[in-house]
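Number of protein chains: 2
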Amino acid sequence: MASKNKNIKKSASNKPVILVTNDDGITAPGIRSLVEAMSTLGEVVVVAPDSPQSGMGHAITIGKPLRLDKVEFHGEFLGWQCSGTPVDCVKLAVNKILHRKPDLCVSGINHGSNSSINVIYSGTMSAAMEGAIEGIPSIGFSLNNYSMEADFSACVHYARLISKNILTNGMPSETLLNVNFPDLPLKRIKGIKVCRQANAKWEEEFDERMDPRKRPYYWLTGKFKNYDKGNDTDEWALKNGFVSVVPVLFDFTAHHAFQQLNKLRWDV
Amino acid sequence: MASKNKNIKKSASNKPVILVTNDDGITAPGIRSLVEAMSTLGEVVVVAPDSPQSGMGHAITIGKPLRLDKVEFHGEFLGWQCSGTPVDCVKLAVNKILHRKPDLCVSGINHGSNSSINVIYSGTMSAAMEGAIEGIPSIGFSLNNYSMEADFSACVHYARLISKNILTNGMPSETLLNVNFPDLPLKRIKGIKVCRQANAKWEEEFDERMDPRKRPYYWLTGKFKNYDKGNDTDEWALKNGFVSVVPVLFDFTAHHAFQQLNKLRWDV
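For the protein sequence lines, the chains are B and W, in the order given. Count along the first sequence starting at 1, add 790, and that's the number in this note's numbering. Count along the second sequence starting at 1, add 790, and that's the number in this note's numbering.
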């Protein structure tokens, strides 16, 4: 149940407070499915972008002010919509709506996979990362299907299972989870695999076009290339019918590089 | 020297091709200083945003097309300006201007520090991360001074030294560098320290105001809090007069979390 209270300092029922956000915007079917999944686990508060924010990465809005408005639909209170990025939504939710850290922050369910390198570009995952930076157990969920008509029923089942597990057992320290669902009905999903991020990337291309004034413009396109042969990656898990769970860092220090860098003569 | 050729498939002089970008925009003093630093090391190609893009993180532009235009100033060719994000600039530079991977991608010099957690929000660092994902040795440079009148002369010296080192000795695998300069004259800088990312974060606040129509709006503000007592961090190095060099990952897998997650009962 979404709460109508503007100031939720404490859940009246002592149920966990669960912040739900996404990057596809508050009207996307994926976030409605995530609200459905969370509604049996706690008190759900939705703060999501007022427009699609896919590919926004960890952007924050500093050059202009933000708006935050209540959204109702057929008399039902859906949550708050924010004019900023997914990361802005998490910051505003904690600071201006909840006035406390929620017990869980979930983002998604994204329309499209955020496996492997997509974790870096994804607004969905950046919202979860912002939650984790703020010390909130945080999970991003994505379905490997870009369609607005995608079937999220299996995702609802697994998102609830994974979130319940984390609410009960806690999140590993300094970590968030990147969860991706294969586009399969519940019966055909083989289970959950804890995976590493596959070594894959986008080979970008640009579709160059000419405007009516003969000035060129460019649409970003690209091909996804998986260079990773491992069977312990998120890409492998998704291809083989598993839900992939990748634990994700927000300390980006490359400790493996210290030895090589310290061998260089840095003094002038 | 910035090249005037639109298609730089190969450096005519066999000098390294160095892509220079930033997030403060092509007219910022910091990028002019970085061009100056690189000009003795190779053939410099500038592709930078046409407007300030601070805090854009790893955002890419997928909902609208991009523009890419040549920029001249007093008859001198400065480079290309792009209507998109810092990450878009790197993608467009490789795909539409260079038609090859440059030998080095440098981003900055940012007006303001990108130490510790700022690596995640920074457009400067995201441009360097995009370069690294594409297999290009990549470095982001930032000065711990937000002013447009900051003195970049010491930065020019150290940016050249560090870049030359990497061009000569190569970059550790799967890594980029996050370089931050203390706001000190050259003589007072004690040298270079290879560091880890400090455990610090922004405690956000919002400045709530009322518009003339009595609708509230919010400006993101915040206080930077360093929770890290270590003397091996970038924050420590900057405070103690060193240039900090943090090797940065783009495989975000939290390997330390596997054991705890694999103990959970994931099967339904």
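Check each hint, because a few of them may be wrong.
If chains are identical, the list can't say which one is meant, so a pair holds when it fits in one copy or spans any two.
As the list claims (entries may be wrong) - 20 angstroms max Cα-Cα, derived SDA-like pairs, lysine to any residue:
(1) K805 - S943
(2) K805 - Y1007
(3) K1004 - D859
(4) K891 - N955
(5) K977 - F863
(6) K805 - R1003
(7) K1015 - G865
(8) K860 - T817
None of these hints come from the bench; they were simulated from the model.
Hint by hint, here is what the structure shows:
no.	hint	result
1	K805 - S943	neither (24 angstroms within a copy, 57 angstroms between copies)
2	K805 - Y1007	neither (51 angstroms within a copy, 31 angstroms between copies)
3	K1004 - D859	between (41 angstroms within a copy, 13 angstroms between copies)
4	K891 - N955	within (19 angstroms within a copy, 45 angstroms between copies)
5	K977 - F863	neither (33 angstroms within a copy, 64 angstroms between copies)
6	K805 - R1003	neither (59 angstroms within a copy, 38 angstroms between copies)
7	K1015 - G865	neither (46 angstroms within a copy, 42 angstroms between copies)
8	K860 - T817	within (13 angstroms within a copy, 40 angstroms between copies)
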